[in-house]
Amino acid sequence: MQPALVSNEELAVELGAEAKSEITRDGIPTFWLAPNEIHEVVRRLRESVPRPFKVFYDLTAIDERARRNRNGRSAGDFTVVYHLFSYERNDYVRLKVPLDIKHPSVPSIVDIFPAANWYEREVWDMFGIAFEGHPHLTRILMPRSWQGHPLRKDHPARATEMGPFVLPDEKLDAEQEALRFRPEEWGMARGREDTDFLFLNVGPQHPGTHGVLRIVLELDGEEIVNAVPDIGFHHRGAEKMGERQTWHTYIPYTDRIDYLGGVMNNLAYLTSFEKLAGITVPPRGQMIRVMTAELFRIISHLVWYGTFAQDVGQMSPVFYTFNDREKAFSIIEAVCGARMHPNWFRIGGVAQDLPRGWDAMFRDFVNYLPARLDEYDRTIMQNLLFQARTKGVGGCTIDEAMEWSMTGPNLRACGFEWDVRKKQPYACYDQLEFDIPTGKTGDCYDRAIVHVEEMRQSLRIIRQCVDQMPGGPCNAEHPLTTPPPKARTMHDIETLIDHFLGVSWGPVVPAGEAFAAIEATKGNNGYYLVSDGGNGSYRTRIRTPSFAHMQMLPLLVRGLMIPDLLAILGSLDFVLADIDR
Amino acid sequence: MINLYPLLIIAVVLFIVLNLAAGLIWVERRLLALWQDRYGPNRVGPFGLGQVLADSVKLFLKEDWIPPFADKGVFILAPGIIVATAILSFAVIPLAPGFVVADLNIGVLFLLAMSSLGVYSVVLAGWASNNKYSLLGGIRASAQMLSYEVFMGLSLLGVVILAGSFRLTDIVEAQRKVWFVIPQFPGFVLFLIAGVAETRRLPFDLAEAESELVAGFHSEYSGMKFGMFFVGEYIGVILISVAISLLYFGGWLGPVLPPGLWLAIKTMTFICLFILMRAGLPRPRFDQLMSWGWKYLLPLALLNLLVTGAVVLALS
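One line per chain: the protein sequences are V and E, in this order. So in the working numbering, spot 230 of the first sequence is number 230, and the numbers just go up one at a time. So in the working numbering, spot 165 of the second sequence is number 165, and the numbers just go up one at a time.
Keep in mind that the hints were calculated from the coordinates and are not lab data. A hint or two may mislead.
[To be verified] Residues from chain V that keep clear of chain E, each with C-beta distances beyond 12 Å, as calculated:
hint : residue
1    : Lys102
2    : Leu137
3    : Asp169
4    : Glu223
5    : Gln310
6    : Thr379
7    : Gly534
[To be verified] Pairs of lysine to any residue, SDA-like flavour, derived with a Cα cap of 20 Å:
hint : chain 1 : residue 1 : chain 2 : residue 2
8    : E       : Lys295    : V       : Phe199
9    : E       : Lys132    : V       : Asn226
10   : E       : Lys132    : V       : Leu384
11   : V       : Lys153    : V       : Arg65
12   : E       : Lys295    : V       : Ala189
Quick reminder that beta carbons are idealized off the backbone N, C-alpha and C, glycines included.
Isolated chain V (complex conformation):
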């Protein structure tokens, strides 16, 4: 399914002698670099190699100290892993830097990729790896007063491992002091020569932020001089949980990353996992996955539609779109019993075949929704007040969007036609016909246009899935399929043993790693999975679209007014759990 890959050798030549390449299971060109080389190599990849890697995609680290299978690789205590992406090559490149625990530090690449800012802060927060030259290296997800770095292997994963919680007076005072707001710590000035700024704390409890998000605004009147998002209130350690769960039992946790996206998260995780394990899902399983995932795209977009209208002050649409969403949920419920968090995909397929009468339910919905969407077009999109509030507000150029790692509908709203489903087809998207809607100016209104059109395209995809649904099994015939096939367990002992192990212990995946990103509801959602030859992940890294989008917020709102901030927040379509994980 992958497009023609650039051979590692070619890129290795471009990078020079220092890069040692590694073969990984996902086929992404991977290079090991020394800490002092990374800055230069990243710069070259961005600026001087042919068809450059203009997009910073992801940055994370791995604590290697508990690793058993190193495949003869570096003996470092930590590995910092960079993912860059090139739209021209349609390919990623992965850079790895081994670090010693005595000197956990690498040069910052924020001067090359501004989008790396939050990612480097997250790695600092989670692993205690410093980035020299970073403008503002502070904790990002954990509270400032937190002791330790959670994703290190020696940091406890459960509250019960941490000893009883106590809050003596000194600690209480220290915690409260840590919460005191000092504009300087946030990179903000208290005023200009002729004016004092007003600092407004939007959130973490605010009706317009769609969750526990805090945005500190520096205001001159109602004009926003600067805005600093403060995230982490929704941080639940989803990546840490990945290290404790088996490959199989982690699936329900993924549901809750983008909690409006339901099975779309399962799909992201399993696409990556199946690449790692080398499993090919049979056509029926693929089609079922795509069909339900697209239904969830509609569900997520309907929530976005209604709440966006509400953010610009329109009260009613949210009730209409939630009613429609309810109809979609009733289908999901009929298929798998659950609603928002179906936990329905399995390694190698789906939990069960579709129930009897499924096609009529899907068809009814596909026939029902277009008329409703037309009505919303009239009440929302064509409303002049709505247009006055959203047109020309919060726009950005394609270059800015790429610079800040924007993906998904928000990127397409700038006029850049890019959809992972088309460009790097996964599942069975290559067999389906659909268009990639794009906008022009990337403002709030264009984002809305793209979102709305995506719903229509999703309906088109669902209709094709219903019409073309192939027969056959929906789960792969593969030793790692979970739960394992049961049909022959009572006939031969090997199958019984295999089944018993697969159910009780979970699938064991040979050491290796894989990264795959899909076009999720809000942008590119990717899982970087590292196996150490166990029945669970050694490191699970979740690259979410909302994180990058939220990082871009200050750029979009500077110079605008408070109502614009809410319009932009609404149009960006983020979910706090997707930001904080």
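With chain V's structure known, arrange chain E on it following the hints.
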């Protein structure tokens, strides 16, 4: 022997206005629900009517909390102003021929004056709360009032010219031949817009703007003080609706039905229109609101006045 008749009128007017204001909570919630494909309050009493009672009891029994950082005196005063001015305005409103507390010969001016005073309540509340959201709400309210107050008065002057009087009873009687909405249609539209802005309801609820400013000027208010803002807002809605009916739709004039009922029907229609607007429209940004007010609506109001004056002069 004291003449008890005026006192009786006052009592009746107060009774009608206050009950209607409370009842509007239910009406609004049910109507919004109807338009939003849901049920609304339908559990307490028949059709959920008991909700009104339950809500008022709840508001009365809630802790009467004043934030320690607030300016106490002003904080308490502010909700009183909005209710007082709104109720005082009803003094000059004739509910039927002769059924009026004070038939002032400057009734229209009194009406405008009282509703302008109402904005003090919002501004003071925003200021006294000592909360940034409230302050922003208060500032927005004063800016909005300044812009919309101006052409509200101007848009009415067309009617005054046609009727030749500021007295509301005279204005209604002057519509025997034709309702003023016909010769004064632009004036009516302008007054309607200004009226909605005056009551600070969607699409002009910038002072409250719950998705931006949490609850704007009354963020810090709770219990009955919050209830007073609520009641004040509803009395304002009734006031503007009844004023539109009187000034442009012939007030109590109409065939067959008794005069009071005609006025009630017309008023309720406009109240429903207010609620429908809330259900349907998004909220403009406050700089947009201001620029529309000053750039388009004010010149239009002036033009309307000019044309009306010219025509009346030419015909006389």
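TODO: Given the hint that Lys295/E pairs with Ala189/V, test it: the Cα-Cα distance must not exceed 20 Å.
DONE: The hint is violated at about 36 Å.
Q) Is the hinted pair Lys295/E and Phe199/V satisfied, with a Cα-Cα distance of at most 20 Å? A) The hint is violated at about 32 Å.
Practice task
Compare the distance between the alpha carbons of Lys132/E and Leu384/V with 20 Å, and conclude whether the hinted pair is satisfied.
Solution key: Judged against 20 Å, a Cα distance of about 30 Å means the pair is violated.
Checking one constraint from the list: CA of Lys132/E to CA of Asn226/V, max 20 Å. Satisfied? Cα-Cα ~17 Å, so holds.
Exercise for review: Say whether it holds or is violated: Asp169/V keeps its Cβ farther than 12 Å from all Cβ of chain E.
Suggested key: 23 Å, holds
Beyond 12 Å from chain E, beta-carbon-wise, is Glu223/V?
10 Å, violated
Mind checking the alpha carbons of Lys153/V and Arg65/V for me, to see if they're no more than 20 Å apart? Roughly 7 Å separates the two Cα atoms, so the pair holds.
Taking C-beta pairs only, is Gln310/V more than 12 Å away from all of chain E? 6 Å, violated
Exercise for the section: Against chain E, does Leu137/V hold up as non-interface, every C-beta pair farther apart than 12 Å? Expected result: Non-interface label on Leu137/V holds, nearest chain E Cβ at 30 Å vs cutoff 12 Å.
Lys102/V clear of chain E by more than 12 Å, beta carbon to beta carbon?
-> 47 Å, holds
**Asked** So is Thr379/V really clear of chain E, every C-beta pair being over 12 Å apart?
**Response** 7 Å, violated
Does the claim that Gly534/V lies outside the interface with chain E hold up, using a Cβ gap greater than 12 Å? The claim stands: Gly534/V keeps its Cβ more than 12 Å from every Cβ of chain E (closest is about 47 Å).
Comparing the model with each earlier hint shows violations of hints 4, 5, 6, 8, 10, 12; every other hint is respected.
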